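Visitor: Residues in the sequence shown are numbered from 48 upward in steps of one, following the numbering used here.
Certain hints may be false.
[To be verified] Distance windows between CB atoms, simulated:
(1) A117 to D58: 41 to 51 Å
(2) P112 to V263: 44 to 54 Å
(3) R173 to G88: 10 to 20 Å
(4) A254 to R173: 27 to 37 Å
(5) A277 to R78: 42 to 52 Å
(6) C89 to V267: 11 to 21 Å
(7) A221 to D114: 27 to 37 Å
(8) A221 to A264: 31 to 41 Å
I should point out that these hints are in silico values taken from the structure, not numbers from a laboratory. Because the structure is a prediction, the values reported are computed rather than measured. The beta-carbon is built from N, C-alpha and C at its ideal position, and this holds for glycine as well.
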Amino acid sequence: MTAVSTRHGDDAPVTVERRDGPHGEVVLRRRGEHFEIIANGCFLMDTADGRSERRLVDAALAALPPDRPAPSVLIGGLGVGFSLARAVAEPRWGRVTVVERERAVVDWHRAGPLAAFSGGALADPRTEVVVGDLVAHLHAPGTRYDALCLDIDNGPDWTVTDDNGGLYSPAGLAACRARLTPGGVLAVWSAQPSPAFEEALRNAGFAGVTTEEITVARGVPDVVHLGVSAA
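Could you put together the complete structure from these sequences and hints?
Guide: If you want it as structure tokens, here you go:
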């Protein structure tokens, strides 16, 4: 673990903390007033916007039957905290589980600069934090959720690690269906649309497959891919 406090120009990234973990190097950087998470040299996300990460949770809730009481949601992963904070801010959600494989990211939210963005959501009594691999968590036997909101890569076609590719495979999507309640919703964030992933969702038995575009400040829109488990 390395902490760097040297200041640069406002637009130059400053390394706040660097850690070596079981999955490689993870870095928290500050660029002006915003923070960035970098894993093994790959940019994951920053605190500059967050509207698509929030929409990931909102879209999943909107796709559930409105009369479903206190639906449960699994969020994978924690990132800069926008999705978790959104879920906790919505009183309709019941149990909220977040799976994050990097202990460093959890620490940065509990007692670090990212706490300002998760807004105390980790301390909410509905929240359970699981430090572990999301793909392994979904394949393991366990409780079922009404919604899975997944954001661990830059999209199904642009994974952060090779192992994450299994999440979007037929076996991975079957594991997602097995962890959903009847009529449950799978929502997957992506930095760009993936027609191939839409087809993979249909082939895996998900109904009502849709893709929502979320306009961002620069570049192509982010998207949320949605599919509903058979009731």
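Visitor: For each hint, tell me whether it holds in the structure or not.
Guide: Checked hints:
1. About 45 Å separates the C-beta atoms of A117 and D58, a value consistent with the hinted range of 41 to 51 Å.
2. Judged by the Cβ atoms, the range 44 to 54 Å given for P112 and V263 is violated: they are separated by roughly 30 Å.
3. Range check, R173 to G88: about 35 Å between beta-carbon atoms, so the 10 to 20 Å window is missed.
4. Separated by about 28 Å at the C-beta atoms, A254 and R173 satisfy the suggested range of 27 to 37 Å.
5. A277 and R78 have their C-beta atoms about 44 Å apart, which keeps the hinted 42 to 52 Å range intact.
6. In this structure the hint that C89 and V267 lie 11 to 21 Å apart at CB holds, the actual value being about 18 Å.
7. Hint check: A221 to D114, Cβ distance near 28 Å, so the stated range 27 to 37 Å holds.
8. For the pair A221 and A264, the supplied restraint of 31 to 41 Å holds, since their beta-carbon distance comes to about 37 Å.
When held up to the earlier numbered hints, the structure conflicts with 2, 3 and fits the remainder.
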